[in-house]
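**Student:** Single-letter residue listing:
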Amino acid sequence: MLKARKLQLERHFEPVFAPVDLDVAGGELWLLTGPNGAGKTTLIRLLAGLLRPTSGTVSRAPGPVAFLGHQLGLKDDLTVAENLAFHQALTGAEAPVESAIAAVGLEGARNQAARTLSAGQRKRCALARLLLAPAPLWLLDEPYANLDAEGVALVDRLLAEQLDRGGACVMSTHGALRPPELPWRELAIEAPS
Amino acid sequence: MTGRVFLPLLRRDLLLAYRRRSELLLPLVFLMVVVSLFPLGVGPGLQVLSRIAVGVIWIAALLATVLSLDGLFRGDFEDGSLEQLVISGHSLPLAALARVAGHWLVAGLPIVLLSPLLALWMNLGEGGWSVLVISLALGTPTLSLLGGIGAALTVSLHRGGQLLSLLVFPLYVPILILAASAVTAATDGLPYNGQLGLLAAALVAALSLAPWAIAAALRLSLE
Chain A
1 MLKARKLQLE RHFEPVFAPV DLDVAGGELW LLTGPNGAGK TTLIRLLAGL
51 LRPTSGTVSR APGPVAFLGH QLGLKDDLTV AENLAFHQAL TGAEAPVESA
101 IAAVGLEGAR NQAARTLSAG QRKRCALARL LLAPAPLWLL DEPYANLDAE
151 GVALVDRLLA EQLDRGGACV MSTHGALRPP ELPWRELAIE APS
Chain B
1 MTGRVFLPLL RRDLLLAYRR RSELLLPLVF LMVVVSLFPL GVGPGLQVLS
51 RIAVGVIWIA ALLATVLSLD GLFRGDFEDG SLEQLVISGH SLPLAALARV
101 AGHWLVAGLP IVLLSPLLAL WMNLGEGGWS VLVISLALGT PTLSLLGGIG
151 AALTVSLHRG GQLLSLLVFP LYVPILILAA SAVTAATDGL PYNGQLGLLA
201 AALVAALSLA PWAIAAALRL SLE
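Sequence lines, in order, name chains A and B. Take the first sequence: its letter number 147 is residue 147 in our numbering, and every next letter is one higher. Take the second sequence: its letter number 184 is residue 184 in our numbering, and every next letter is one higher.
Keep in mind the hints are simulated off the structure, nothing from the lab. Where is the CB? At the ideal position from N, CA and C, for every residue including glycine. Hints are supplied without guarantee of correctness; some may be wrong.
What the hints assert, rightly or not - Selected chain A positions facing chain B (in silico; Cβ < 8 Å):
no., residue
1, 72
2, 91
3, 94
With the sequences and hints as input, model every part of the structure.
**Tutor:** Next comes the structure, spelled out in structure tokens:
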């Protein structure tokens, strides 16, 4: 589903991390771990194709990829429902917006502009996008950040459903929070030698 | 897959523009203020104003366009919408075209509609009015498209707006020359079809090339 070979990125002629090899198959959950600044976000963006590697290759199976970055991609002036409706139109998703809103627990805020939401609510709104358009591959950058205990459980539930469908997920986490009851594999990002 | 991006994006942009409609007025007010300063600066003699009318209106239109261009991709860049757009696998040039079309509808079209009033203010000769409107109708989309390239290149820079104007004004020179020459020819009773034809040709060229340049610049800015 996702293959990376000797993946490397240089910034100012210094490699960011040691070359990465990764093989993600359907139904697998991969955690990218490492201390702050190790290059987790950079690696996720490389895998998503937002950055071009200095050397090495990334190959993704054809089909949509869902990406959740530090910037959530919500428009502050649009309401929760409008943000999701735009994503639905963009991806051609068939799942109804209302059920996605309900699934992430934002029914009460559906007509609130995104700028008025709390950080956790914004995260939930972004997570609802994952429900709208089923993508076989999820690339999530710190999906647990800003979420309360209930939100963390929500992410775990979404991940479990994704793996059940045969989808795969690569996510970064700095190690404080880990999905409790899902089998996962770890890719520890190492400093360049 | 790739064709579905244009309309949703255009609809979203128009909705966003409607939500922040007070900001839309700023470039237009700017345009009107700049034009109305000239009679104060060069004196209210009608003859002088007629002579400089085209140049003043067009230069003010350039300034107003650049002023509104700065934010064209910045919002999308900062809130992560641009990443989502790239990841979605849609044609990025088509998405860029949708954004530029949205920009022209809210920033360029009002200039075209306002231009008869500006022509009146500046005492532009009778024969020049319609040609001024046509030259703006053909020219402002080209300004948006060319400016889009600059906006995409400078989106990741702090204070990119200042660099943006340095980047795009040279590109605007041919448009300004053609438009001014067309309107002057019309007020002098000379044929002006050639200049308008060249403006239209510039628009077609920008329409077919700029979206790819904007898409490439956006990808570059994301890295």
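**Student:** Against each hint, give a clear statement of whether it holds in the structure.
**Tutor:** Evaluated hints:
no.: 1; hint: 72; verdict: holds (6 Å)
no.: 2; hint: 91; verdict: holds (6 Å)
no.: 3; hint: 94; verdict: violated (13 Å)
Consistency note: the structure conflicts with earlier hint 3 alone.
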